[in-house]
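For reference, the chains in residue letters:
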Amino acid sequence: MTSLPYYLSEVPSSELTLVWGVVISSFLHLLLILVLIGVPGLLSPKRTYFSSTYMVKLVDVPRGTQGKTRVAAGERSKEEKLAVGETAKEKLEKVEETKKVEEKKSTGLTVKDKVEKSSAVKTVQKKVEVRVKDKEKDKNKEKEFSSALDKIKERVDERQRKEKIESLREKIAEGERAGTGVGVGEGGALVVGSSGLPFGQGMIANLPLNYQLYYSAIEQKIKSNWNLALPRGVVEDMKGMEVVLSVKIKADGEIVDISYEQKSGNIYLDESAFRAIKKSNPLPPFDEYNIREPFFETGIIFPAVELL
Amino acid sequence: MKKKVMVAASVMWLLLMGRLAAKVYIYIDAPATTKFPIAIPAFKNLGDVPDAQNMGTSVSSVISEDLEISGLFRLINPNAFLEDPSTAGITGDRIEWKDWSAIGAEALIKGGFYQEEGGLRVEARLFDVVRGSFVSGKRYFGKPTELRLVSHKFSDEVMYRLTGQKGIFQTQILFVSDSGGTKDIYLIDFDGYNRVKITNHKSIVLSPSWSPDGKKVIFTSYKDGNPDVYVRELFYGRERKISFQKGLNIAPEWSPDGEKIVLTLSQDDGNSDIYLINEEGEKISRLTSDWANDVSPCWSPDGKELAFVSNRSGSPQVYIMEVKTGKVRRLTFEGSYNTSPAWSPRGNKITFSGRRGDNFDIYTIATDGKDLRQLTSSGGNESPSWSPDGRHIAFSSNRTGAKKIYIMLADGADQRAVTWGDSNDTDPAWSPHLNYR
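Chains A and B, in that order, give the protein sequences.
For what it's worth, our numbering labels the leading residue of the first sequence as 1, then goes sequentially.
For what it's worth, our numbering labels the leading residue of the second sequence as 1001, then goes sequentially.
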């Protein structure tokens, strides 16, 4: 072969594959870019929400009480569509199959379910919204919820739970993508995107029971320490604002770092949130909840609420 | 090649997963309380002169009461305090933060005072207990008689530092009282203290109203037999009669820019209508000219509209008029007698006194006529007036016998009397923020 400039040289067939590889790679890159730009919400910060209020709705389905439902008879069958499975995990997975969940941030309490297939879910959602509006009921709900949870908890096979946690640890060991505090896992049915569903802007965390309980404990403690004294009128100007803080927790429950992820624009709301977290230190140790991690990070959102 | 595609696909998948797999966020839906827990121990005597008048506790109790009235603070009971006041310091380096965080305080006010020859020096500091840090400190010099004012000043500082809003603790209230035998105008601090008599007409004086700079008062007096309008400078006591037309010259109120005065005149025909005049008493324009009686005008905070009372529909009701165009719309429809409107400094609400049955009560209503709320329910309640921050309303009530001035939060909470005794106290007018104090 005479020496020709490399660009004129004959391409051996083995290298042709490489060229094709490059072409395909470029194509896929382009596709990826288009997807990232084109799919709404994909480029905006993604959040997974945890809210015990929400949990009430998904987990507190009366199946666990073996027929002793608190639901009106007519609704029972619909409820049971949701109330499948023996474990919270299964329920959550089932729900995932049938609907797309989105938490509506501005109202805080209201959970807006985007129902894609099951109209049954719609009925439940309506009920849920009514319940959420009624704070008194909500408190009872919480009680009922925790007792229901206890029952469910008992039912969850200890071995299966260990597997889940093991799987969680594996996933975390694999390296946390995007710096998430809680890993992703299909087998463990943990968080976010584990089912690969095209969630919208923000979704409800699909967490294993022990994590749900731990998040719930964090929520309760911080909430009880949150005092927000904003004059009337100020809050009206702040509708929809929220402050987001990031908290790093050590295994012994100590909060080792608090940082603002997003300030609200109102220093007094920001400060009140910081104080609430600071006052909540230490949080419960991980081992009380069977969580085997050296530390983890979670975000905490404080909305500018309408004061009376 | 299949391999390459697989690799590329998995790279893409990883990237997407990176996007999807996000941190878990806990949503705290509402605060446990909407009040700021604060501890205020008695101020320390830092000088050698014994504290004969209990100034230390006076200062802390005035500040405590101020903050309590604001409705935004929860005062921690001093009995719960853990620190030993005899050894405790008033500076950050000598504060045991745990003593205060343990009892739930988020903020702490500490201070001390020196009694000096002919004067008083007060130091006050605000601390953030949760962070264990100093927030603000002030030193005041004054006469011993100004102890309350000094305390109010620091309350304003605390309010501003902790909520971002200007406090009302240095504001004052003008009102009419018959305590001197005839009806005259008196002035009190917003909490009822430091009562001063302003006019001495030995006649009937009515409806005082502040100038926007808080330096003058405008009112109606029968001093010369006819209800005429007077302006009085509060500092110097100089007084001028500015409107003395035939018939009624009543219920004057300064426009927010201080350039015009709106009032009710009845002139020749005896029918009351609303007019604009300047401070010299010269007529600028006539705003209403119908057969009905139009009285009690008050300005919107932007000066573009007026709320007033008219019986054009048969019974006295509150109406709103656009000053520029004269366009009028009716605001109140419930009740047979709604009167003395006052426009909230925030612009979104109007308070008025309305009769249902035998008694008048204080109401608020949004300026679009929605959200009518009854704020009082005991005795007769009249003449509401907003605090300059729009968070409080002063009014007069006969709920315990004689008419007294009360203040309350704008939602009707925490109603408390700020005048005492047997006299009848009416027509409260809450001052603007008094920048000269």
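No lab work stands behind these hints, which were simulated from the structure alone.
Check the hints yourself; a few may be wrong.
As the list claims (entries may be wrong) - Among chain A residues calculated to face chain B with C-beta under 7 angstroms, some are:
#, residue
1, Ile258
2, Gln262
3, Ile300
Stated by the list, open to error - With a straight-line Cα cutoff of 20 angstroms, these simulated PhoX-like cross-link-like pairs (lysine-lysine) come out:
#, chain 1, residue 1, chain 2, residue 2
4, A, Lys221, A, Lys278
5, B, Lys1246, A, Lys279
6, A, Lys278, B, Lys1098
7, A, Lys223, B, Lys1035
8, B, Lys1283, B, Lys1246
9, A, Lys239, A, Lys278
Yeah, the Cβ is synthetic: ideal placement off N, Cα and C, and Gly gets one too.
Cross-check of the supplied hints:
The closest approach between the C-beta of isoleucine 258 of chain A and any C-beta of chain B is roughly 11 angstroms, which is over the 7 angstroms cut-off, so the hint fails. At its closest, the beta carbon of glutamine 262 of chain A sits 11 angstroms from a beta carbon of chain B; the interface hint therefore is violated under the 7 angstroms criterion. Satisfaction of the interface hint for isoleucine 300 of chain A is found here, the shortest Cβ-Cβ separation to chain B being roughly 5 angstroms, below the 7 angstroms cut-off. A C-alpha spacing of about 11 angstroms is found between lysine 221 of chain A and lysine 278 of chain A, which places the hinted pair at or below 20 angstroms, so the restraint holds.
A distance of roughly 68 angstroms separates the Cα atoms of lysine 1246 of chain B and lysine 279 of chain A; the hinted pair therefore is violated under the 20 angstroms criterion. Distance restraint check for lysine 278 of chain A and lysine 1098 of chain B: the Cα-Cα separation of roughly 13 angstroms lies within the 20 angstroms cut-off, and the hinted pair is therefore satisfied. Of the pairs offered as hints, the one joining lysine 223 of chain A and lysine 1035 of chain B holds, with about 14 angstroms between alpha carbons and a cut-off of 20 angstroms not exceeded. Restraint check for lysine 1283 of chain B and lysine 1246 of chain B: satisfied, since their Cα atoms lie roughly 14 angstroms apart, inside the 20 angstroms limit.
Simply put, lysine 239 of chain A and lysine 278 of chain A have alpha-carbon atoms about 25 angstroms apart, too far for the 20 angstroms limit, and the pair is violated.
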